[in-house]
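Line order of the protein sequences matches chains A and B.
If you read the first sequence in the working numbering, its first letter stands for residue 339, the second for the next number, and so on.
If you read the second sequence in the working numbering, its first letter stands for residue 49, the second for the next number, and so on.
These are computed hints drawn from the structure, not numbers from a lab.
Bear in mind that the values here come from a model prediction, so they are computed numbers and not experimental data.
For glycine and all other residues, C-beta sits at the position ideal for the given N, C-alpha and C.
Incorrect hints may have been included.
Computed footprint of chain B on chain A; a stretch qualifies when at least three of its residues, placed anywhere within it, have a C-beta under 8 Å from a C-beta of chain B [to be verified]:
hint, region
1, 602 to 616
2, 652 to 661
3, 672 to 683
4, 792 to 798
5, 823 to 830
6, 835 to 848
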Amino acid sequence: MRPRLSFSTILTVAAAPGVLFLAAGCNRGVSDSAARPSAGASEINEAGFVKYPESDYTQLDPAAGRSGGTLRVSTTTDTAILDPHGVSATYIQWFGRLVFDNLVYLDPTGVPQPWLAQSWTLSPDGRTYVFRLRRDVTFSDGSRFDAEAVRLNLEHMRDPATRSTLAARYIAPYVDGRVVDDFTFEAHLSQPYTPFLHVLAQSWLAMISPKQIRENPRSAVAAPIGSGPFILENYTRQKGLRFVRRSDYHWAPAVLHHEGPAFLEHIEVDIIPEALIRYSGLASGQYDLTLEAPPQNAVAIRADSQLVLDRRIRSGIPNRGLAFNTEKPPFDDVRVRRALALAVDREGIVQMVGFGEYQPKTDFLAATTPYYDPSFRDALRYDPAAANRLLDEAGWTGRDSAGFRTKDGQRLGAEFLVSELATPSAVTVAIQADAKKIGFELRLTQLPATQVTDRRSAGTFQAISTGVWHTNTPDALYIIHHSDEISTPAHVGQNTARLRDAVFDDLVARARQTSDPAALKELYSKAQHRLTEVVPAIPLYENYTFIAYRKRLHGVLYDTSHNTPLLLGAWLAEDS
Amino acid sequence: MNPFFRRILWRLIAGLGVLWGAATLTFLTINTTGGDPAIAILGGGEAVPTPAVLARVRQDYHLDQPLYQQYLIYVAKLARGDLGESYRLRIPVTRAIAQQLGPTVQLAVWAGLSAVTISILIALLTARRSRWVRNVSSGTELVASSMPGFVLGIVLLLLFSFRLHWLPASGQNSGKALILPTLTLAIPMSALLTQVLRNQLEEILEQPFITTARARGVSEAGIRLGHALRHALIPVVTLSGSFFGMLLGGAVIAETLFARQGVGRLVADATVNKDVPLVLGVTLLAAAVYVLVNLAVDLINAVIDPRTRTT
Chain A
339 MRPRLSFSTI LTVAAAPGVL FLAAGCNRGV SDSAARPSAG ASEINEAGFV
389 KYPESDYTQL DPAAGRSGGT LRVSTTTDTA ILDPHGVSAT YIQWFGRLVF
439 DNLVYLDPTG VPQPWLAQSW TLSPDGRTYV FRLRRDVTFS DGSRFDAEAV
489 RLNLEHMRDP ATRSTLAARY IAPYVDGRVV DDFTFEAHLS QPYTPFLHVL
539 AQSWLAMISP KQIRENPRSA VAAPIGSGPF ILENYTRQKG LRFVRRSDYH
589 WAPAVLHHEG PAFLEHIEVD IIPEALIRYS GLASGQYDLT LEAPPQNAVA
639 IRADSQLVLD RRIRSGIPNR GLAFNTEKPP FDDVRVRRAL ALAVDREGIV
689 QMVGFGEYQP KTDFLAATTP YYDPSFRDAL RYDPAAANRL LDEAGWTGRD
739 SAGFRTKDGQ RLGAEFLVSE LATPSAVTVA IQADAKKIGF ELRLTQLPAT
789 QVTDRRSAGT FQAISTGVWH TNTPDALYII HHSDEISTPA HVGQNTARLR
839 DAVFDDLVAR ARQTSDPAAL KELYSKAQHR LTEVVPAIPL YENYTFIAYR
889 KRLHGVLYDT SHNTPLLLGA WLAEDS
Chain B
49 MNPFFRRILW RLIAGLGVLW GAATLTFLTI NTTGGDPAIA ILGGGEAVPT
99 PAVLARVRQD YHLDQPLYQQ YLIYVAKLAR GDLGESYRLR IPVTRAIAQQ
149 LGPTVQLAVW AGLSAVTISI LIALLTARRS RWVRNVSSGT ELVASSMPGF
199 VLGIVLLLLF SFRLHWLPAS GQNSGKALIL PTLTLAIPMS ALLTQVLRNQ
249 LEEILEQPFI TTARARGVSE AGIRLGHALR HALIPVVTLS GSFFGMLLGG
299 AVIAETLFAR QGVGRLVADA TVNKDVPLVL GVTLLAAAVY VLVNLAVDLI
349 NAVIDPRTRT T
């Protein structure tokens with residue numbers, strides 16, 4: 339999902355330089371003599387793969403936890419709609435893991451493992467899944483989890499009244515389901531769809547109480563009922579949420595090695611839009627954990643002996659600063675697209691937005707995504723000389739008085755459409771400056787986000803700012819770049835670049851129908867390679883979960899689907 | 049009928065016209081600035097609704113009808129007191145606003161009272177004093193009244209919350225948490241008010257009736273409090289109508305910065321997300337309060353200054 343453009347973003351951007359300066363002067367924790375702490379070792383190894391410790395995914399010492407206490411959390415975005423099926427918002431990822439369970443859970447390598455479904459089989463034609471379900475699971479309203487509950491949930495996801503903006507699309511090939519017996523559910527798909535199990539592991543496709551779906555589905559918008567380790571006690575709009583532990587919870591996914599209920603008795607989440615206040619609230623001990631640590635405070639957090647700063651690369655499509663309209667000049671010429679991608683100095687951009695914490699990115703799939711292949715990450719590395727050669731080759735050999743390249747008297751340039759902010763984002767301006775260095779004129783046009791979305795859907799742009807797409811499967815490549823995902827009036831798609839490449843389409847479409855790991859590896863590797871040849875966008879840096887917490891909080895795991903903190907095994911040490 | 053009540057009645061009728069105008073203008077503005085409302089309702093560019101969901105939303109909110117029909121539907125519902133359902137929150141607009149109104153009113157009342165108190169105090173103390181006192185005072189006022197709200201808020205935060213640890217940076221459970229947002233709103237207003245009030249005071253202190261009072265042996269404090277202030281307050285009361293606008297604008301900043309609940313933050317989010325019914329609802333509320341505040345200002349002026357009474 340793309341980060342939402344909010345008023346507070348505008349505020350933060352506008353206020354950031356002053357804040358940085360003043361906050362640094364006011365921080366009690368940093369003494370002048372303290373050396374600048376390292377930003378933490380890079381998570382990417384020499385070969386280009388990412389490896390996180392085992393303690394990320396599984397509780398190594400389940401006996402160590404202390405039961406009880408209230409965890410105080412701050413987060414940036416108000417949780418306006420809490421029905422996970424009815425919204426695509428980012429907050430559902432952490433919220434979902436507190437209140438709900440899913441049919442499956444991924445292991446650290448991205449392979450689906452049992453959760454509420456104990457086992458499953460797939461028919462040889464790839465179109466029928468049979469799930470055998472746990473028999474001991476109840477929702478917090480007392481209703482039973484069973485095959486009918488699964489059927490009702492899938493129906494709720496695709497019911498137009500639910501207004502699903504993600505879940506319904508993720509299960510689009512689902513035709514219907516059959517309750518074979520109380521605890522056996524058969525799902526029929528219109529065609530083979532390998533990502534099916536993966537999407538069923540995501541929080542947006544969590545299981546809601548069947549009683550709630552039957553009796554009052556609308557009530558799930560504000561007060562959803564799940565079978566998860568915590569119960570939502572209270573939600574006050576623009577203020578926060580309060581959760582209480584379910585003492586009879588004992589059906590966590592086996593991958594986590596956590597038996598029984600959560601350690602924490604209560605969790606209180608406050609909505610704090612301003613980064614500066616989230617940071618100060620953490621430093622002063624008002625909060626134990628912030629779900630969105632401000633990168634601009636990374637140095638101060640790392641220098642504070644009471645705090646831990648932690649980041650995880652999120653799977654899916656990384657941050658792309660700019661998507662080309664591959665259908666319109668000048669970006670219908672792949673040489674021009676490639677030249678611009680080669681001209682952007684990501685190291686500089688990463689320093690600017692990530693304060694030394696982010697990894698620059700030169701390929702099109704996040705390093706934590708299953709089947710990520712780092713082999714092609716040099717293809718689009720910063721190389722202004724190569725960029726200039728490509729533009730020469732494409733015939734843009736003239737120069738006008740302003741220093742921009744020309745061909746047949748026409749200046750080489752394009753309009754760059756971005757969402758309105760108080761000032762253009764630093765990234766946008768950096769791309770513009772880098773383009774100028776190779777004689778390319780990017781002209782910024784700022785419009786309200788809704789108008790940018792309009793023009794994006796209609797394809798009436800040359801270049802456009804774009805963001806990330808987080809999902810737990812390499813099928814992200816299909817969602818973002820397959821030609822079926824180009825928007826039309828009837829169909830909303832995410833192929834912003836309007837890429838129509840038959841070679842690529844074939845690879846990712848075949849991958850959807852393949853379940854053999856070796857074949858998948860080859861298909862997805864080729865697809866990633868192909869993208870570095872057709873260059874639909876300029877990848878800039880990895881997409882991150884960026885959290886910070888006080889050292890009295892222990893046992894924070896990371897969800898294998900969303901790379902967000904998982905609080906089931908988290909516990910608080912006694913106040914010293 | 050008593051001319052006084054007739055005047056109130058006419059003002060209320062004109063107020064209804066203002067409400068209708070505000071609703072119409074906002075409706076046109078927000079609907080003609082582009083952006084597919086159906087996509088906005090579904091969460092903007094990050095959504096991938098199925099065609100069935102898109103069709104359903106267009107039908108539910110009459111987005112498949114021409115704009116003038118949407119407008120007629122809206123006005124017809126409005127006449128019945130129905131403000132519709134917020135696109136983004138999926139609850140009735142009236143409930144969404146009601147949930148957030150209390151904290152905003154609390155903040156606005158405290159900020160308004162503080163601003164008036166501060167400005168009266170400073171104006172009384174600095175009017176017709178030495179050049180030095182006046183220069184320092186009006187210099188400070190100039191800076192305070194022209195400083196953007198979020199800069200002032202951040203400065204206050206850094207000083208009183210982060211460095212001195214006197215006041216909490218966020219939250220709304222304690223009275224203490226109300227102090228910084230209140231000051232963020234009150235300081236620019238009080239700076240402006242003080243300037244006006246001091247000019248008035250200085251003019252009045254030149255008047256013959258003040259000289260007469262002095263001649264009668266009234267003390268300086270007595271002159272300022274008992275004679276000059278009452279006259280000087282009239283333009284301040286008139287100005288307070290427009291201060292309401294400053295309060296609402298300031299609430300957007302203060303509520304977001306200090307993580308407070310409130311209508312300001314609600315409408316800022318609604319505007320960015322093209323939540324038409326919610327933006328319209330808050331606009332109508334603001335217009336209604338404007339009408340009432342201006343009416344109140346008229347009545348108060350009539351009490352303070354008999355010359356403005358029409359009878």
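Against the structure, the hints come out as follows:
1. 602 to 616: holds (count 7)
2. 652 to 661: violated (count 0)
3. 672 to 683: With 0 residues close enough to chain B, the hint is violated.
4. 792 to 798: holds (count 3)
5. 823 to 830: holds (count 3)
6. 835 to 848: violated (count 0)
Checked against the numbered hints above, the structure violates hints 2, 3, 6; every other hint is satisfied.
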